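A.B. asks: Residue numbers (the working numbering), protein chains in the order written: chain A, 368 to 658; chain B, 12 to 373.
Everything labelled a hint here was simulated from the structure, so no lab data went into it.
On a predicted model such as this, the values are computed, not experimentally measured, just so you know.
Just so it is clear, CB atoms sit at the ideal spot from N, CA and C, and this is done for glycine as well.
Among the hints, a few may not be true.
As the list claims (entries may be wrong) - Stretches of chain A that chain B covers, calculated by requiring three or more beta carbons in the stretch to come under 8 Å of a beta carbon on chain B:
1. 387-399
2. 509-520
3. 532-542
4. 605-617
5. 624-630
6. 637-646
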Amino acid sequence: MSTPMDRVLFGDNQFFGVNHMSEEKARAQAMRFQDLPAILEVLDIAYRAGIRTFMCTTHERIADVCDHFRANAEKYPDYLFYPCMPYAHKYANAVTEYGAVEALRRLLPQDGVVGAMFKGGMALASKDVEALLQLLVDAEMKMFHGLRTPVIFLQNVVTDLILGLGANVCFRMFADHVRSRYGAEPGFITMNVPRLLDVLDAQGVDNPIVCANINKIGFRMCGGRAAYEQVIATRRFRPVAMSVLASGAIQPREALEYVAGQPRIESIVFGASSAGNIRQTKGIIDELYSA
Amino acid sequence: MIRVAIVGLGKMGLSHLAILRMHPQLQVVGACDTAGYLMDVLAKYTDTPCFADFDRMLDAARPEALLVATPSRSHAGLVEKALERGIHVFCEKPFVLDIKDGERLAALAERKGCVTQVGYHYRFVGAFQEAARVVRSGALGQVHHVRAEAYGPVVLRPKGGTWRSARTEGGGALYDYACHAIDLVNFVAGAPVSTSGVVRHSIFSADVDDEIYCTFHYANGGSGQLCVNWSDESFRKMSTRISIWGTNGRVTADRQECQVYLREGREESRESGKGWTVRYTTDLTDNVWYYLRGEEYSAQIDYWVKSIREKRIDGESSFRSALETDRFVAMITGEAPQPAASPDHAGRVRKRGLLSRLAGRS
Numbered sequence: 368m369s370t371p372m373d374r375v376l377f378g379d380n381q382f383f384g385v386n387h388m389s390e391e392k393a394r395a396q397a398m399r400f401q402d403l404p405a406i407l408e409v410l411d412i413a414y415r416a417g418i419r420t421f422m423c424t425t426h427e428r429i430a431d432v433c434d435h436f437r438a439n440a441e442k443y444p445d446y447l448f449y450p451c452m453p454y455a456h457k458y459a460n461a462v463t464e465y466g467a468v469e470a471l472r473r474l475l476p477q478d479g480v481v482g483a484m485f486k487g488g489m490a491l492a493s494k495d496v497e498a499l500l501q502l503l504v505d506a507e508m509k510m511f512h513g514l515r516t517p518v519i520f521l522q523n524v525v526t527d528l529i530l531g532l533g534a535n536v537c538f539r540m541f542a543d544h545v546r547s548r549y550g551a552e553p554g555f556i557t558m559n560v561p562r563l564l565d566v567l568d569a570q571g572v573d574n575p576i577v578c579a580n581i582n583k584i585g586f587r588m589c590g591g592r593a594a595y596e597q598v599i600a601t602r603r604f605r606p607v608a609m610s611v612l613a614s615g616a617i618q619p620r621e622a623l624e625y626v627a628g629q630p631r632i633e634s635i636v637f638g639a640s641s642a643g644n645i646r647q648t649k650g651i652i653d654e655l656y657s658a
Numbered sequence: 012m013i014r015v016a017i018v019g020l021g022k023m024g025l026s027h028l029a030i031l032r033m034h035p036q037l038q039v040v041g042a043c044d045t046a047g048y049l050m051d052v053l054a055k056y057t058d059t060p061c062f063a064d065f066d067r068m069l070d071a072a073r074p075e076a077l078l079v080a081t082p083s084r085s086h087a088g089l090v091e092k093a094l095e096r097g098i099h100v101f102c103e104k105p106f107v108l109d110i111k112d113g114e115r116l117a118a119l120a121e122r123k124g125c126v127t128q129v130g131y132h133y134r135f136v137g138a139f140q141e142a143a144r145v146v147r148s149g150a151l152g153q154v155h156h157v158r159a160e161a162y163g164p165v166v167l168r169p170k171g172g173t174w175r176s177a178r179t180e181g182g183g184a185l186y187d188y189a190c191h192a193i194d195l196v197n198f199v200a201g202a203p204v205s206t207s208g209v210v211r212h213s214i215f216s217a218d219v220d221d222e223i224y225c226t227f228h229y230a231n232g233g234s235g236q237l238c239v240n241w242s243d244e245s246f247r248k249m250s251t252r253i254s255i256w257g258t259n260g261r262v263t264a265d266r267q268e269c270q271v272y273l274r275e276g277r278e279e280s281r282e283s284g285k286g287w288t289v290r291y292t293t294d295l296t297d298n299v300w301y302y303l304r305g306e307e308y309s310a311q312i313d314y315w316v317k318s319i320r321e322k323r324i325d326g327e328s329s330f331r332s333a334l335e336t337d338r339f340v341a342m343i344t345g346e347a348p349q350p351a352a353s354p355d356h357a358g359r360v361r362k363r364g365l366l367s368r369l370a371g372r373s
């Protein structure tokens, strides 16, 4: 078994105006967190509450967060980042503006590293998806240099697109690269757990870390809550539960009791903006799992 | 299993291909795009049969159903070829750029008994469905005003080289953004009969509109406003909202929530609650069998498949329905004639309507 993950991971949706229930609330959060100190303050509150893993998208603003943690390493001696890549809107907007191939060309590393450019050009020309995928992962990982990233996640929009297109070998390529280049465990965020597990099995990605919506009301659990409960109970994988509160549709204690009642859920990721909510959620999880 | 093919593998096309492949009642027998690079990669890494030529794909793959996700200009020609072979069609929005094409194709589809649908996915978003339900329930009383808005960050500087920036290809915020808002108006509040006060501006684009505003008018004197701007970076992604005012209250919906305010509860409808009722996407959304970017993208394909199986040719967002949206667009561009009633006239009708309501109604 690989190194266990922490029981509680801190998410970042709240920092970037993502809220699945209210656009107004999302906008209010985007306003509140438009400056870095507001984000760092919340991360500090979470850290003091005992949450030392930040599961974050590779949004360009995370680079500033990384700078802060590099510059203050002594203050956070055990801090971990779980990067989730890519920040999809960056790619989607580039594809809309430039078309797919030109967007790739622009997003590949262009900072004077002759090798990377050469490799990028070659990979594009030869349609070598593995080399391209490695370059894109490396480009996203740049902001985390010098920080500890023991798990690296593929965002659900990419995971589920690869799954849907049947380009299954890409999962294997991602897992191999993340392990060999970063010494990290690959993680997969998905909205389609049962299907993804079959494909990862077939690709030989053993005991994968899979992060998905797991909540009492079955919100965005494709195949239904019962199917999820069954795979959690019977399949070999390391589940990370997200959206456990279903964007606030479920009360925290009720929501967390449901998740804690499922066997073998290794971690719970949640995002919150207030000290009260952070401490309350962390406290309930600690209490439920110490029982 | 229904044999399905897809033509056009841009951003929407790839997403559609993934959804089609995952559908338990569909077998993807062909995918076609003129971008050789992409087709080579797909052929190399997936099991999807790839074609560079559309006619060859129809001949060789013999699909029973076709999804068209090419640039808008090419929709009419591709759809026509498919319908002539009796193939059911799902076409990305906007349906066509010339309403004469749309009328011909809708008639052809009906003659051939083909199931048609256009990709207005907002019709499959729970919060918008809820808004439509509330309006149809009569809970708002007499509807007198509608506002549809769509904002987002697509064109943020003066450049861009894809078909979306070319007027002749059906690019621009009118076809890309406004169509969705217009279709939502038709879906939730019904199709208006005329437009006035049209403003179409470029903010950054050289060749197309980046913002569109207009007033629209209903036969019964009701009015509406359309506000669309795809050069607004303050929105993280496309954000669409519709509000409907009636004599008994208001409903406002976006992708996440549906807010209803009623002056009086109505016994005859489910909306018995006076004051605010807010329902959220977490409550209004049904799970789909496969999720990619939002339930609505999968739900609309599942609906199309059901229509094919049930031979439902007048389902949600059919060619006939999408033609109403194209007509609205054509009124904005001036390509479709406005009915005899001028905006002033419509205004007078509205005033009379309001007065008579105040004077005579219960």
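A.B. asks: Take the region 637-646 of chain A, compare each residue's beta carbon with every beta carbon of chain B, and decide whether three or more fall closer than 8 Å.
C.D. replies: violated (count 0)
A.B. asks: Please verify the coverage claim for the region 509-520 of chain A: does it have three or more residues whose C-beta sits within 8 Å of some C-beta in chain B?
C.D. replies: violated (count 0)
A.B. asks: State whether the coverage of the region 605-617 of chain A by chain B holds or is violated, taking the criterion as 3 or more residues with Cβ-Cβ distances under 8 Å.
C.D. replies: holds (count 3)
A.B. asks: Is the listed coverage of the region 532-542 of chain A by chain B valid when you require three or more residues with a beta carbon under 8 Å from a beta carbon of that chain?
C.D. replies: holds (count 5)
A.B. asks: Three residues minimum, CB to CB under 8 Å: does the region 387-399 of chain A make the cut for coverage by chain B? Let me know.
C.D. replies: holds (count 6)
A.B. asks: Do three or more residues of the region 624-630 of chain A come closer than 8 Å to chain B, measuring C-beta to C-beta?
C.D. replies: Since 0 is below three, the answer is violated.
Violated hints, in rising order: 2, 5, 6; the structure is consistent with all others.
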